[in-house]
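Trainee: Sequence:
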Amino acid sequence: MISELWFLIQKEFRLEWRQKTMLTGMLIYVISTVFICYMTFKRIIDVPTWNALFWIIMIFAAINAVARSFMQESRGIQLYYYTMVHPAAVILSKIIYNSALLISVALIHLLFYSLFLGNEIQDMTMFLVGLLLGSTGLAATLTLVSAIASRASNSPSLMAILSFPILIPLLMTIIRFSRNAIDGIDWVMNASYVYVLLALIGMVVTLSYLLFPYLWKD
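Residue numbers (this note's numbering): 578 to 795.
It is worth saying that the hints were derived from the structure and are not from the lab. The model shown is predicted, which means the values in this text are computed figures rather than measured ones.
Computed spacing ranges between beta-carbons, pair by pair:
1) L688 / L784: 28 to 36 Å
2) Y786 / Q587: 15 to 23 Å
3) Y772 / I613: 33 to 41 Å
4) I743 / K619: 29 to 37 Å
Below, computed lysine to any residue pairings styled on SDA-like, alpha-carbon distance capped at 20 Å:
5) K619 / A629
6) K588 / L600
7) K588 / I680
8) K619 / L688
9) K619 / E697
10) K588 / A665
11) K619 / I608
12) K619 / N696
13) K619 / F693
The beta carbon of each residue, even a glycine, is placed where N, CA and C say it ideally should be.
Could you put together the complete structure from these sequences and hints?
Mentor: In structure tokens form, the structure reads like this:
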């Protein structure tokens with residue numbers, strides 16, 4: 578399955594490199610939204626507002642991008658994958674690709690967000706760790722939801738309905754973690770949030786590995 582996984586990951590990156598639709602669309606959305614916020618607020622001094630707005634923009638960018646993971650593939654392509662590769666390799670390759678995509682967008686988002694709305698972060702290393710874990714968690718969760726929603730007739734609406742309740746534990750944890758990073762609170766106080774984020778990511782990846790083969794057979 579490792580060779581199949583590697584092949585599918587390469588396929589995802591090659592397809593994006595040729596089309597550049599998903600990454601370009603996300604960057605345009607993020608940059609334009611940040612600029613609109615700048616035109617409205619000029620500069621955000623209040624830390625909770627700065628942190629909440631940052632993740633609100635990131636969440637909607639992630640949902641719009643990851644929703645296409647399975648919806649953009651025709652039934653014929655899915656049938657071809659079904660006969661050629663293990664279903665676990667398909668879902669894991671999507672999670673890895675979407676994680677890399679969201680991490681890249683998150684870093685660019687942080688750059689423009691700090692440039693236009695100021696940078697209130699006191700512990701940048703801790704914030705970047707939170708950004709890495711948060712982006713990976715969003716990618717893993719939304720990829721699984723996208724796989725479930727792709728089996729329904731009204732996939733985009735179902736994607737939005739399913740994603741928000743499932744994302745609440747992840748969002749609550751990452752917002753608290755990043756708030757502590759902005760305030761410069763010591764790593765010892767934030768270690769529990771790291772463990773929770775790692776546990777949530779591991780749980781979602783495990784569920785994806787176990788459940789996706791049954792979705793794939795439908």
